[in-house]
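**Q** Here are the chains, one letter per residue:
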Amino acid sequence: MMKQIFRNNQAVFGAGIILLLILVAVFAPKIAKYDPAFINIQSALLGPSLEHPLGTDSLGRDLFSRMIYASRIALLIGFIAMGLALGVGVIFGSLAGYFGGKTDSIIMRFADIMLCFPRFFLILAVIAVVGPNIFNVMVIIGLTGWMGMARLIRAEILSLKTRDYVSASRALGASHFFIITKHLIPNGIGPVLVSFVFGVAGAILTEAALSFLGLGVQPPNPSWGNILMEGKAVLGVGWWVIIFPGLAILITVLAFNLLGEGLRDALNPRVER
Amino acid sequence: MQNRKNRQKSKRIFLIPLFITIAVFFSLTISLPGQENFPDPEGKTGTPTYGDAFVVGEIGDARTLIPILASDSPSSYIVDLVFDGLIKYNTSVELVGNLAESWDIEEDSLVIVFHLRKNVKWHDGYPFRAKDVKFTYECLIDPKVPTPYSGDFKMVKSVEVADDYTVKIIYKEPFAPGLTSWGMPIMPKHLLEGENLLTTEFARNPIGTGRYKFKRWKTGERIDLVSNHEYFEHRPYIDRYIYRVIPDSATMFLELETLGIDSMGLTPLQFTRLTETPFFKKRFQKFKYPSFGYTYMAYNLKDDKFKDKRVRQALNYAVDKKEIIDGVLLGQGKVSHGQFVPESWAFNKDVKPYPFDPKKAKKILEECGWRDRDNDGWLDKDGRRFEFTILTNQGNDNRRMTAEIIQRRLKDIGIKVNIRILEWSVFLNEFVNKKKFEAIILGWGLGREPDCYDIFHSSKTKEGEFNFISYANPRIDRLLIEGRRTFDLEKRKEIYNKIHEILYDDQPYMFLYVPDSLVAVHNRFQGIKVSPIGITYNFIDWWVPRDRQRYTY
Numbered sequence: 001m002m003k004q005i006f007r008n009n010q011a012v013f014g015a016g017i018i019l020l021l022i023l024v025a026v027f028a029p030k031i032a033k034y035d036p037a038f039i040n041i042q043s044a045l046l047g048p049s050l051e052h053p054l055g056t057d058s059l060g061r062d063l064f065s066r067m068i069y070a071s072r073i074a075l076l077i078g079f080i081a082m083g084l085a086l087g088v089g090v091i092f093g094s095l096a097g098y099f100g101g102k103t104d105s106i107i108m109r110f111a112d113i114m115l116c117f118p119r120f121f122l123i124l125a126v127i128a129v130v131g132p133n134i135f136n137v138m139v140i141i142g143l144t145g146w147m148g149m150a151r152l153i154r155a156e157i158l159s160l161k162t163r164d165y166v167s168a169s170r171a172l173g174a175s176h177f178f179i180i181t182k183h184l185i186p187n188g189i190g191p192v193l194v195s196f197v198f199g200v201a202g203a204i205l206t207e208a209a210l211s212f213l214g215l216g217v218q219p220p221n222p223s224w225g226n227i228l229m230e231g232k233a234v235l236g237v238g239w240w241v242i243i244f245p246g247l248a249i250l251i252t253v254l255a256f257n258l259l260g261e262g263l264r265d266a267l268n269p270r271v272e273r
Numbered sequence: 001m002q003n004r005k006n007r008q009k010s011k012r013i014f015l016i017p018l019f020i021t022i023a024v025f026f027s028l029t030i031s032l033p034g035q036e037n038f039p040d041p042e043g044k045t046g047t048p049t050y051g052d053a054f055v056v057g058e059i060g061d062a063r064t065l066i067p068i069l070a071s072d073s074p075s076s077y078i079v080d081l082v083f084d085g086l087i088k089y090n091t092s093v094e095l096v097g098n099l100a101e102s103w104d105i106e107e108d109s110l111v112i113v114f115h116l117r118k119n120v121k122w123h124d125g126y127p128f129r130a131k132d133v134k135f136t137y138e139c140l141i142d143p144k145v146p147t148p149y150s151g152d153f154k155m156v157k158s159v160e161v162a163d164d165y166t167v168k169i170i171y172k173e174p175f176a177p178g179l180t181s182w183g184m185p186i187m188p189k190h191l192l193e194g195e196n197l198l199t200t201e202f203a204r205n206p207i208g209t210g211r212y213k214f215k216r217w218k219t220g221e222r223i224d225l226v227s228n229h230e231y232f233e234h235r236p237y238i239d240r241y242i243y244r245v246i247p248d249s250a251t252m253f254l255e256l257e258t259l260g261i262d263s264m265g266l267t268p269l270q271f272t273r274l275t276e277t278p279f280f281k282k283r284f285q286k287f288k289y290p291s292f293g294y295t296y297m298a299y300n301l302k303d304d305k306f307k308d309k310r311v312r313q314a315l316n317y318a319v320d321k322k323e324i325i326d327g328v329l330l331g332q333g334k335v336s337h338g339q340f341v342p343e344s345w346a347f348n349k350d351v352k353p354y355p356f357d358p359k360k361a362k363k364i365l366e367e368c369g370w371r372d373r374d375n376d377g378w379l380d381k382d383g384r385r386f387e388f389t390i391l392t393n394q395g396n397d398n399r400r401m402t403a404e405i406i407q408r409r410l411k412d413i414g415i416k417v418n419i420r421i422l423e424w425s426v427f428l429n430e431f432v433n434k435k436k437f438e439a440i441i442l443g444w445g446l447g448r449e450p451d452c453y454d455i456f457h458s459s460k461t462k463e464g465e466f467n468f469i470s471y472a473n474p475r476i477d478r479l480l481i482e483g484r485r486t487f488d489l490e491k492r493k494e495i496y497n498k499i500h501e502i503l504y505d506d507q508p509y510m511f512l513y514v515p516d517s518l519v520a521v522h523n524r525f526q527g528i529k530v531s532p533i534g535i536t537y538n539f540i541d542w543w544v545p546r547d548r549q550r551y552t553y
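From first to last, the protein sequence lines stand for chains A and B.
For the first sequence, the working numbering gives the first residue as 1, with consecutive numbering after it.
For the second sequence, the working numbering gives the first residue as 1, with consecutive numbering after it.
Note that these hints are calculated values from the structure, not bench results.
Fair warning: there could be bad hints in the mix.
Chain A stretches covered by chain B per the calculated footprint, using a threshold of three residues with CB under 8 Å from any CB of chain B [said to hold, decoys possible]: (1) 37 to 45; (2) 54 to 60; (3) 138 to 150; (4) 234 to 241.
Yeah, the Cβ is synthetic: ideal placement off N, Cα and C, and Gly gets one too.
In isolation and in its complexed conformation, chain A is listed as follows (with noise of 0.2 Å):
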């Protein structure tokens, strides 16, 4: 399957970039050259230079540093929100699977009425109610997320489970537990992962998105979100305020879909190679 993966040049690509990023992520203070909070009104909105690598901000704020800082909160918010979203979605898809019957309709049921509410709206609801921070935002994100992972998960159980090495094993007397864990989720796994991966694109847009209208991260912690909406009210002054936020998120996330799609092409047994 790796070799599948790697013969993908998209998905080589979108995982260089990730990779890039995360290192960028983890040696934040070795890269930035400043603080990203430290304000110094004398050197506001100027252009980049050798100096400000993409200028400063209306605070006069170093640029590329809040931009290097704010990947650590995008790809932070991606993971461990979409990581969330997997946990309940594999949990509540295979039992549903597995089980079958009442479990399936009941777990299902509420799945689909999850589903119903428009993602983005619940989202700005429950955070106007419980306040914006970067932790509500990751587990709002990760809540709100889990339902295609639960259909998916489920799909695959509801076919694995009469495989007959599921038969001998439950013949032997394994437990439930063991069988779900050992048996199905390891095997039904792959298309879930690609729905990961879209999903974390995903995530990053939507804490962009908050942060764009203010309910995401709140200052001084920079997050391309909040940059791009601090952007906007210079722009016509400080382009570059609003331009390369907006190209970091785009580059990323448009990473993060190339991997998806490579790994979706890899693991499918239909598509020709």
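Knowing the structure of chain A, use the given hints to seat chain B on it.
**A** Below, chain B alone, put in the same frame as chain A:
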């Protein structure tokens, strides 16, 4: 003596002091003329013609159009066009009649007799009479009506209707802001009698006597007014007044450039950089004048952290106001030295703003017991970290940036500040009015009358009233009452100078800045005259030459 209209403004919470502009538009007191004005080359002279519409952009929507309940600036802009008070200011900041033709002051200022105009009609055709004045007064003092303006009218002993066009106001004791307070817009008795002001349809469908008639209100979108052809001064030349809600100033500026709106308050950045283009100069006139208001950070004085005056003083030392003015206002404003602005006669020149001195701030905090005991970089006391959240409203980049600068400067001395930005009406209704905050950044628009009883008197702390910080100082209480009883201007000046001094020393607010009003108006509008009371006082005299009119009805 001051006009009530302005006075009443004195307590309006400004949505966006920098976008005050439009407030400026409607009789908010503003001192001296615009330095920056690009006159229209064509047709400054000529005979005014009727027609066209004036479309103004604003960040926030009105909350209610009941005059005595309108305490926020968007509501008051509309109320001021639809309703009239008994008196108003003229351009030399003197009180002149509005709904009242003239008045007599009798019995050592204990009695004011207003002689009302006889040819005034409500927008529904019903004649305006003295009973409407009495009715408005009764609503103002009704304990069931949560109006922030009741304070001025509690001093009234009785309001007597002598005949249809004469009202006699009798005060319990001499009350200096008395005459000014009758700038309060008058409400129609025949429509509101017996109605519950909190639930009445009238709040969204007002009938007044004013220059413009209410037409419709699409919540969160726009309010349309049409000119009142029967207005007692004369029919306004501009046929329509359209108030558009655009909750973001960058978007609003784009609307201005594409002529979606004709006027807006500019941000300092827009004023200093974005409007300095030939494109803009060809189409718009710009105005700049010192505003009669200020922006502050208020502390909730019920909060233990802020109870000690020394702590508040320390915070004041730790924040560089100059930095905020340079960075946020781009120099378009002045440092605020306290409750009164430099243009006011109540302003005390001897009160000097604190210098920026973080070391001193740290020292004072240490004396108060705030020290970094656990070496985590933040000050603590009794095991609790010095941490608080600043709330402010959305859509106002200046306030957001100000909050970020304060956050940074307080971090330098070991205080952790969080910032939360809220939608305007949620911010006011759920947090400010209910006193659910630690600190907020907000602004006051002030009037000429310096009486600030409603803001700082310890009795004005109920929900919806203006002393939402729960400030209580017996000396200030006494002086505020004395100031209201004194008519002699020199003596009043002394009293308000004292109030100014004590308030600055007490630091119930961190006084931040007095922004300049920066306004852009499309240059097809003629007849705009900058005066000490702003530019919109003569809105009914603005006009557009026929060949330049954009809208026809």
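**Q** Would you check chain B against the stretch 37 to 45 of chain A, counting CB to CB pairs closer than 8 Å, and say if three or more residues qualify?
**A** holds (count 5)
**Q** For the stretch 234 to 241 of chain A, do three or more residues have a beta carbon lying closer than 8 Å to a beta carbon of chain B?
**A** holds (count 4)
**Q** Cut-off 8 Å, C-beta pairs, minimum 3 residues; does the coverage of the stretch 54 to 60 of chain A by chain B stand?
**A** This one holds; 3 residues, not fewer than the three required, reach chain B with a Cβ under 8 Å.
**Q** Would you check chain B against the stretch 138 to 150 of chain A, counting CB to CB pairs closer than 8 Å, and say if three or more residues qualify?
**A** violated (count 0)
The earlier numbered hint that this structure contradicts is number 3, and it is the only one.
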